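**Student:** Single-letter residue listing:
There are 2 protein chains.
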Amino acid sequence: MATLFKGNIVHAPVFGELVCIEHGYVAVSDEGRVTGVYAARPEGEFDEVDLGDMILTQAFCDMHLHAPQYTMLGRGMDLQLLEWLNRYVFPEESRYADITYAENSYRRLADEMISGGTTRAAVFSSLHTDSSLLLARILEERGVSGFVGKVNMDRNCPDFLCEDTEASLSETRRFIDGCKDFGRIRPIITPRFTPACTDALLFALGELARETGLTVQSHISENPDEVAWVKDLWPTGRGYWDSYLQAGLFEKGALMGHCVYSDEEERRVMAKKSVWAIHCPLSNIDIASGIMPVRRFIDEGINVAMGSDICAGASLFMPRVIVGAIRASKLNWIHTFKQEAFLTCAEAFFLATSAAAVYFGEGTGFAAGNEFHAIAIDDSRLGFSNELPLVERFERILYRMEPVDIKMVWNGSGTTSVK
Amino acid sequence: MATLFKGNIVHAPVFGELVCIEHGYVAVSDEGRVTGVYAARPEGEFDEVDLGDMILTQAFCDMHLHAPQYTMLGRGMDLQLLEWLNRYVFPEESRYADITYAENSYRRLADEMISGGTTRAAVFSSLHTDSSLLLARILEERGVSGFVGKVNMDRNCPDFLCEDTEASLSETRRFIDGCKDFGRIRPIITPRFTPACTDALLFALGELARETGLTVQSHISENPDEVAWVKDLWPTGRGYWDSYLQAGLFEKGALMGHCVYSDEEERRVMAKKSVWAIHCPLSNIDIASGIMPVRRFIDEGINVAMGSDICAGASLFMPRVIVGAIRASKLNWIHTFKQEAFLTCAEAFFLATSAAAVYFGEGTGFAAGNEFHAIAIDDSRLGFSNELPLVERFERILYRMEPVDIKMVWNGSGTTSVK
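Sequence order for the protein chains is A and B.
The first sequence lines up with residues 1 to 419 when you count with the numbering used here.
The second sequence lines up with residues 1 to 419 when you count with the numbering used here.
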């Protein structure tokens, strides 16, 4: 039977607007698809789930994170990108050759994602195929859906973490084959970034993307030193983007993390090609990369979603990333002399939920037909709830909630909470 | 009998340096004063408290916050200072005329401060004398020590929150008298800020400070519009600071919140007069004021401590403020083209603990003779602790801890935890 959820409903069908319904209803079919949002009880027969005074809202999408960096969350934060990669990240990622180490870490990661209300994600693994397949399986089992990529890297990385080009390709094929059995996790082509991939590898991965129809995720224009490095490595390129474009990796649906230093040309090509910019505000601040001018991307019609980018970003919990995006945009607003309006709560929430839902082929907000990806939040710990209009309660929740305040999580696979 | 605490000790005796002792000891006299920090068990007779694998570190000092804004934490964050004051803050503060409303809010506030490891503070109340005395009593009872000020404001504020100048003064005297019975809470002269105080009020408060020997807290150079406004109001002044200096309010030990737009002259006078700059990074970002160039203040010999500035800052929990300060400083580093080094974890922690301890007449870190202000943190929730050097465990804690991870709090009044 269909289920009717009763509670305080908040969702974001439109960028910049929160629809808030006190004591409202969301109806979900027995296949786990939203059939409607209502202010008054709809006609029909339902199993009713009364959420009391809790708030029922959309679950989060984390569209850029590095699973094998989970063990490093919050460490080494006094460094910048390239030094931080060499001193911390690469040695840590190499440990994921050990499947036991990987399993322990990935189980914790998947659990923390679900507990924190993240039900969909685009995830970088390490270069190790077996650990990557294990990651995909653990995420699927724990109820996270989306994309997992085995990382490719065959130059400018330490010996212990550098692939042979041919092996990198054949292992990627093995990874893709190994994903066939999964229901809600799909593989994604994942060159680490231009500096870590030879031209031969980039072009072969582009060919593989074409052949398999898989999308691509990578990094772009994160840090000034990195941008300069790519210019050295691709002296004939018209920009960082061109190293991906020429290889066939800068096509519709490609997810490009960061875009802090994307120039006008790069943004123009992204818009034209329907490449996605994944905004990772905490990461950009924590390893001192800079601020992505999100507003400009949106105004120029580029698709933007949001990522935690753990562990360059020190929090996996998406409300922190949302607030981080607002804070970064406020500082950008000051530094552009108020030329670029900062993100409102409603806008930043949209980017971490509805915007990414579109990437998964769904509608925004609790659109009819969407899988039911939702969380129920108990904000009674914060006090004074009955005095506040729902929209202010919700804004307060974004700023102040802890994972423990999320009491239930629905992950698109039905009407049973997976938390 | 004296007490010996056994655990992983982390403290900050020097700016920029964390002293980390795995399985170390802190000895505390039966009057609650630190007598020493040891790597090996010291000689002598002690009651021993074994903290196991927990981390024992300094408690936090929150040197700028507005108690009656506690009820507003996380609300109205899409606005800037002056509009936010008028639409949100002033109407809310007016409710603290109601002593029952105040009591409910202040009890929650005091409890959240102690639970979050903040044992010392400098607190703005509202203009209401009875509520302010109640706040002082509640803080003292719950175990927070420091300063509480009844706010003075007699112009440029709504009618329902505007004092008569004479009444403002006599009520301030009544507040100071009423604080006589407190042991660990002292009154502090608290003009809201120059725009909200007539010249007559500022000068009279300066006179009162001289007469009573009390110190002063207020706001300075937070927002460009506010700075311009003060210039209009004090056209003959040499700067914002001069409005306080002429009134006798810019003297040794004055706590001045914000200092985002303090120019060279203002900083020079602050250094010369031993006025303290209270850095409130989350507030400065959340209501889009800007970034205080903390490094410059420190290099110029100005005393700097840290404040949550709730509710302009959306978090009362000092580790969030510490990380906020690091993040703000990283963006400042980028925007000054790497001229001003960002704050390290060790530096930011020092500002939120040892720096303020000096204001209370104590030594830095767990200095011998200090009151025992400390917290015990259980980081087992984060996993992998046994793999990390203590300094990395501690940095990770700063980024990732939640109030629930603080298991015990000692507030300087003895060796019994108040959490």
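In short, the hints are calculated from the structure, not lab data.
Check before you lean on any hint, since a few could be wrong.
Chain copies aren't distinguished; within one or between two, either way the pair holds.
Once the Cα atoms are required to be at most 27 angstroms apart in a straight line, the calculated DSSO-like pairs of lysine-lysine come out as [said to hold, decoys possible]:
hint : residue 1 : residue 2
1    : 419       : 407
2    : 231       : 338
3    : 419       : 338
4    : 273       : 338
The structure displayed is predicted, hence computed values, not measured ones.
**Student:** Broken hints, numbered, in rising order?
**Tutor:** When the structure is compared with the hints, numbers 3, 4 turn out to be violated.
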